[in-house]
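Participant: Here's the letter readout for the chains.
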Amino acid sequence: MDLITTNQTVDIAALNDRIQRESAFVDLLSIEIGKSIIGQKYMVERLLIGLLSNGHILLEGVPGLAKTLAIKSLAAAIHARYSRIQFTPDLLPADLIGTMIYNQKENEFSVKKGPVFANFVLADEINRAPAKVQSALLEAMQERQVTIGEKTFALDEPFLVLATQNPIEQEGTYPLPEAQVDRFMLKAVIGYPKKEEEQLIIRQNMQLAPKPITPVVQKEDILKARNTVREVYMDEKIEHYILDIVFATRKPEDYKLAKLKPLISYGSSPRASINLAIASKAYAFIKRRGYVIPEDVRAVCYDVMRHRIGLTYEAEAENVTTENVISEILNVVEVP
Amino acid sequence: MKRLAGKLIEQCRNWVRISFSKMRLHFVAVVLLFPLVSPAVAQEISVELRPDSTHILIGDFLRATLQVKFPASEKVILSPVRDTLGQMELVKASGVDTSTSAETITLTQTYTVSAYDSGNFRLGPQRIFFAGKGGETDTLLTDVVMIAVSTVPVDTTRAIKPIKQPLQVPYTWQEFAPFILLALLLIAAMAILIYYIRKRKRRKPAVIERPKPKDPPHIWARKELKKLEDEKLWQRDEVKQYYSRLTDILRMYLEYRYGWFALESTTEQISEEISVRNIPVDAANKLLAILKGGDMVKFARRLPLPDENDSAIKRAYEFVEMTEQKEIIKEDNTGK
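Quick mapping for you: the protein sequence lines, in order, are chains A and B.
Under the working numbering, the first residue of the first sequence carries the number 75, and numbering increases by one thereafter.
Under the working numbering, the first residue of the second sequence carries the number 13, and numbering increases by one thereafter.
A couple of the hints might just be wrong.
Unchecked claim - With a Cα cut of at most 27 angstroms, we get these calculated DSSO-like pairs of lysine-lysine: (1) B:K224 with B:K87; (2) B:K338 with B:K226; (3) A:K311 with A:K293; (4) A:K361 with B:K252; (5) B:K224 with A:K333; (6) B:K304 with A:K311; (7) A:K311 with B:K252; (8) A:K311 with B:K244; (9) B:K224 with A:K330; (10) B:K326 with A:K311; (11) B:K304 with A:K115; (12) A:K325 with B:K211; (13) A:K311 with B:K239; (14) B:K238 with A:K311; (15) B:K326 with B:K244; (16) A:K269 with A:K187; (17) A:K285 with A:K109; (18) B:K211 with A:K333; (19) B:K338 with B:K235; (20) B:K304 with B:K239; (21) A:K293 with A:K146; (22) A:K330 with B:K226; (23) B:K244 with B:K304; (24) A:K311 with B:K224; (25) B:K87 with A:K330; (26) A:K330 with A:K109; (27) B:K226 with B:K244; (28) A:K146 with A:K311; (29) B:K211 with A:K335; (30) A:K361 with A:K298; (31) B:K304 with A:K361; (32) A:K311 with A:K335.
As the list claims (entries may be wrong) - The calculated label-pair distances, taken between Cβ atoms and stated as ranges, are: (33) A:I348 with B:P318: 53 to 61 angstroms; (34) A:G384 with B:D322: 49 to 57 angstroms; (35) A:E327 with B:K244: 35 to 43 angstroms; (36) A:G384 with B:Q177: 53 to 61 angstroms; (37) A:I348 with B:Y208: 41 to 49 angstroms.
Just so you know, the hints here were simulated from the structure itself, not pulled from any lab data.
Note that beta-carbon positions come from the ideal geometry of N, C-alpha and C, so glycine has one too.
Produce the complete structure using the sequences and hints provided.
Facilitator: Structure, rendered in structure tokens:
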């Protein structure tokens, strides 16, 4: 495979030092979030990856896993505006983005902004609302702007949408189409906490006055960190590794994975490669490193790719999940 | 003699009046002549045709039981019944039930009869054949029973109603049972078929097939390390290439020596794997130092000192030496 080679000159040592300094707020954030969220390290890490790489997150997990609390805590720790929208079948796009209201006094229409005008938006149970509402939100996510009437409003940065899905109830839901799911940078599947973590959760909830979360990070710090994340060094070998993983979903037979071919209806889009690269950089940043290693790619691979691989009916009949497909690929693609 | 005959006629009349009050006159003669058939046999063989009722509605079914008792020494045959039993239409005749006790045999047969006109109908007589004294076949007749068949009484006080539609006979389980059974069998067969197909196709973990060297792993590794040394890559400023080759040789050696796919594993995964394998701690530390140092060169553009490059390959040789599979030479106890 002929791939473009780059000869960028990067002072990794200097970058490492800078990242050590600039990523210090990650620890502060983790401590603050940890005041209300016990365990769920995986979820908090994914929230931070989304935050640092300017990508939206789809959280999937059964009710009661602190999905809402996590994003509330994150918003509270960052000193940013937070809003929550409970998606229901009768929700309208105007309930989300806002609408024009006639002002009798002024004798004109004025704009009433919707809850999407916030830094952190929690779209709870996104699959409960019909497609028109979902697409209104996803449009805002993609364009980072909202048009109400004739006016277009840019959304404040940082703008992070966290959508939740309940995997156990499918009745009366409107599953997100593949094209729309693809707009979420990560799809994180949240599991139950460990036994000892749950014990701590019980104790924490028995407290009369829970520890308040104080803002420890400014929005500007996040925006600055986002720029630094883009600068994290990614070697060509890592780029090839990412490409191999993504291409293995499209042409598994080229990677001695011919048995996966009948299971995959469509492979990951270039958006997967982009997001895998950015998420790997963000993960390296969280780990306070100025360069990406294969472990970073592997750490975010499932979250970036699980919603970007289409499975065939045969795969579904055999109970093969996208996670199984990704595991097979990771086990076969050579690590640089 | 005249008195005796008159008495006998009077007795017969009484008996006829009681049992066959509605019997037509020409049957009376048969009954009167009945004792003349074979008084001796009549004492030994008894026949009885007993209906459930002597009155039925038109079209109703009536059950009549024929019972013949005779000594075991006698040979009795029941006359086959065709379409009618006397004047009654035969609907169904059961099989002949034979029961034996001490010296008597009892034959029992049940007839289901009906009549499709109103009036009085004769039920019987039914013929029973038996071997007579001289060996010739003799005949015995059952009593004749008159069955009154009446129509459904019409209530003339009520208005005339249209003819009723045929009754819908409710479906019974017996009717459905064969189909249900067939469907269940088909479902079971399909389930078994699907199970076996799925079992056959059950996903097996990816198996990477690579040609194995002819030499034992440690000899192969030493040869490869020597080749790498001779190529003098780092001396020609190809440090990254040097470390890539070095780490690949060690990964391949792990695969050949321990049979796990180290080429597809990250440094972190190798670190986890060697902790559960029987690898000496010193050797494991040497390997991890090379891999971690290699990662820094490969992914973080680190430029190690010449001494470090030299010591890396020395460590690789040492690791191979410490982990090579030793030949166990058994001592010869005979002293030869």
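Participant: If a hint holds in the structure, say so; if it does not, say that too.
Facilitator: Structure-based check of all given hints:
1. B:K224 with B:K87: Violated - the C-alpha atoms of K87 of chain B and K224 of chain B are around 94 angstroms apart, more than 27 angstroms.
2. B:K338 with B:K226: 17 angstroms, holds
3. A:K311 with A:K293: At roughly 34 angstroms apart (the allowed maximum being 27 angstroms), K293 of chain A and K311 of chain A break the hint.
4. A:K361 with B:K252: 24 angstroms, holds
5. B:K224 with A:K333: 23 angstroms, holds
6. B:K304 with A:K311: Holds, because 16 angstroms separates the two Cα atoms, which is no more than 27 angstroms.
7. A:K311 with B:K252: Holds, at roughly 11 angstroms.
8. A:K311 with B:K244: With Cα atoms ~22 angstroms apart, K311 of chain A and K244 of chain B stay inside 27 angstroms; holds.
9. B:K224 with A:K330: 17 angstroms, holds
10. B:K326 with A:K311: Within the cut-off at roughly 25 angstroms; holds.
11. B:K304 with A:K115: At roughly 25 angstroms apart (the allowed maximum being 27 angstroms), K115 of chain A and K304 of chain B satisfy the hint.
12. A:K325 with B:K211: Holds. K325 of chain A to K211 of chain B sits at ~26 angstroms (cutoff 27 angstroms).
13. A:K311 with B:K239: Holds - the C-alpha atoms of K239 of chain B and K311 of chain A are around 23 angstroms apart, at most 27 angstroms.
14. B:K238 with A:K311: 25 angstroms, holds
15. B:K326 with B:K244: 14 angstroms, holds
16. A:K269 with A:K187: This hinted pair is violated, its Cα atoms lying about 43 angstroms apart.
17. A:K285 with A:K109: OK: K285 of chain A and K109 of chain A at ~6 angstroms, within 27 angstroms.
18. B:K211 with A:K333: Holds, at roughly 15 angstroms.
19. B:K338 with B:K235: 18 angstroms, holds
20. B:K304 with B:K239: Status holds; Cα separation ~22 angstroms.
21. A:K293 with A:K146: 15 angstroms, holds
22. A:K330 with B:K226: Roughly 24 angstroms between the alpha carbons, so the hint for K330 of chain A and K226 of chain B holds.
23. B:K244 with B:K304: 21 angstroms, holds
24. A:K311 with B:K224: Satisfied, since the Cα-Cα distance of roughly 26 angstroms is no more than 27 angstroms.
25. B:K87 with A:K330: Roughly 89 angstroms between the alpha carbons, so the hint for K87 of chain B and K330 of chain A is violated.
26. A:K330 with A:K109: 47 angstroms, violated
27. B:K226 with B:K244: It holds: about 26 angstroms lies between the C-alpha atoms, which stays within 27 angstroms.
28. A:K146 with A:K311: Roughly 38 angstroms between the alpha carbons, so the hint for K146 of chain A and K311 of chain A is violated.
29. B:K211 with A:K335: 19 angstroms, holds
30. A:K361 with A:K298: Given that 27 angstroms is the threshold and the Cα spacing comes to 17 angstroms, the pair holds.
31. B:K304 with A:K361: 16 angstroms, holds
32. A:K311 with A:K335: 26 angstroms, holds
33. A:I348 with B:P318: 53 to 61 angstroms: At roughly 39 angstroms between Cβ atoms, P318 of chain B and I348 of chain A fall outside 53 to 61 angstroms, so the hint is violated.
34. A:G384 with B:D322: 49 to 57 angstroms: 51 angstroms, holds
35. A:E327 with B:K244: 35 to 43 angstroms: 39 angstroms, holds
36. A:G384 with B:Q177: 53 to 61 angstroms: Because 58 angstroms falls inside the window, the suggested range holds.
37. A:I348 with B:Y208: 41 to 49 angstroms: 44 angstroms, holds
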